[in-house]
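**Q** The sequence shown begins at 18 in this note's numbering and counts up by one.
No wet-lab data here; the hints were simulated from the structure. Accuracy of the hints is not assured; some may be wrong.
Keeping only pairs whose Cα atoms sit at most 25 Å apart, straight-line, the calculated BS3-like set for lysine-lysine is [unchecked claim]:
| id | residue 1 | residue 2 |
| --- | --- | --- |
| 1 | 41 | 85 |
| 2 | 41 | 25 |
| 3 | 199 | 85 |
| 4 | 31 | 68 |
| 5 | 25 | 98 |
| 6 | 30 | 98 |
| 7 | 31 | 98 |
| 8 | 85 | 98 |
| 9 | 68 | 41 |
| 10 | 68 | 25 |
| 11 | 31 | 85 |
| 12 | 98 | 68 |
| 13 | 41 | 31 |
| 14 | 68 | 30 |
| 15 | 85 | 25 |
| 16 | 68 | 199 |
Simulated DEER-style distance windows between Cβ atoms [unchecked claim]:
| id | residue 1 | residue 2 | range |
| --- | --- | --- | --- |
| 17 | 53 | 182 | 15 to 23 Å |
| 18 | 51 | 123 | 31 to 39 Å |
| 19 | 162 | 57 | 19 to 27 Å |
| 20 | 47 | 179 | 38 to 46 Å |
| 21 | 34 | 193 | 16 to 24 Å |
| 22 | 112 | 146 | 34 to 42 Å |
| 23 | 19 | 179 | 18 to 26 Å |
| 24 | 171 | 87 | 16 to 24 Å |
Ideal placement from N, C-alpha and C gives every residue a C-beta, glycine not left out.
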Amino acid sequence: TRRLELTKTISLKKLDSSAFDDLKANGTTQFSLSESLFDNDYPGHYLRQIKFVTISLPTLVGPYQDVKMTLVQSGSRILLKADINGVNYLNDSTTGSASNIITNLRASEEIAVSSGLNDSGMFVLNFGDERYLPFEGTGAISSWQIDFPNANSDEQQAILQNLSDVIIQVHYTARNGGSTFKQAVMNTL
18 TRRLELTKTI SLKKLDSSAF DDLKANGTTQ FSLSESLFDN DYPGHYLRQI
68 KFVTISLPTL VGPYQDVKMT LVQSGSRILL KADINGVNYL NDSTTGSASN
118 IITNLRASEE IAVSSGLNDS GMFVLNFGDE RYLPFEGTGA ISSWQIDFPN
168 ANSDEQQAIL QNLSDVIIQV HYTARNGGST FKQAVMNTL
């Protein structure tokens with residue numbers, strides 16, 4: 018059967034305000050997208066795999082100015098089956114079981130963000146390309162790092178000071194594990 022196609026829009030400021038504050042202060046930060054973040058929207062889904070990711074940076078940028086930022090996926094996990102023990106493990110690695118979880122499929126993929134407006138890190142987002150898109154097939158349950166490589170430059174400092182949020186859109190596919198699995202997942206929330 019065809020997988021469900023979903024989009025999760027995430028505000029870094031709302032998800033992890035201290036990570037957002039670190040980004041503004043230091044030009045770098047790390048954050049994670051947890052199992053429960055996705056389960057709160059669609060409990061009972063599994064096999065959540067990224068198709069592509071876009072980034073938007075609400076900030077003041079001059080007409081001929083680029084944002085110059087990188088986004089690296091430092092880790093990811095995929096629950097292969099509708100397994101509540103796997104969900105428990107993803108929520109707390111001291112419980113449950115990792116037997117139905119793939120970890121770090123193609124870890125350390127990276128994109129460079131230039132425009133900061135629904136930027137996928139590609140000139141043209143081509144779904145017909147025979148190569149994988151950045152992050153395609155990796156787990157939506159994931160860890161990330163954002164870097165402004167020259168954060169101390171005047172231009173980058175102006176962008177960081179005026180940055181009001183970082184908006185991440187994760188476009189991903191998933192399978193529905195059925196009503197029994199959904200209820201078991203809801204009991205973990």
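**Q** Looking back at the numbered hints, which does the structure fail to meet, lowest number first?
**A** 3, 6, 7, 8, 9, 18, 20, 21, 23
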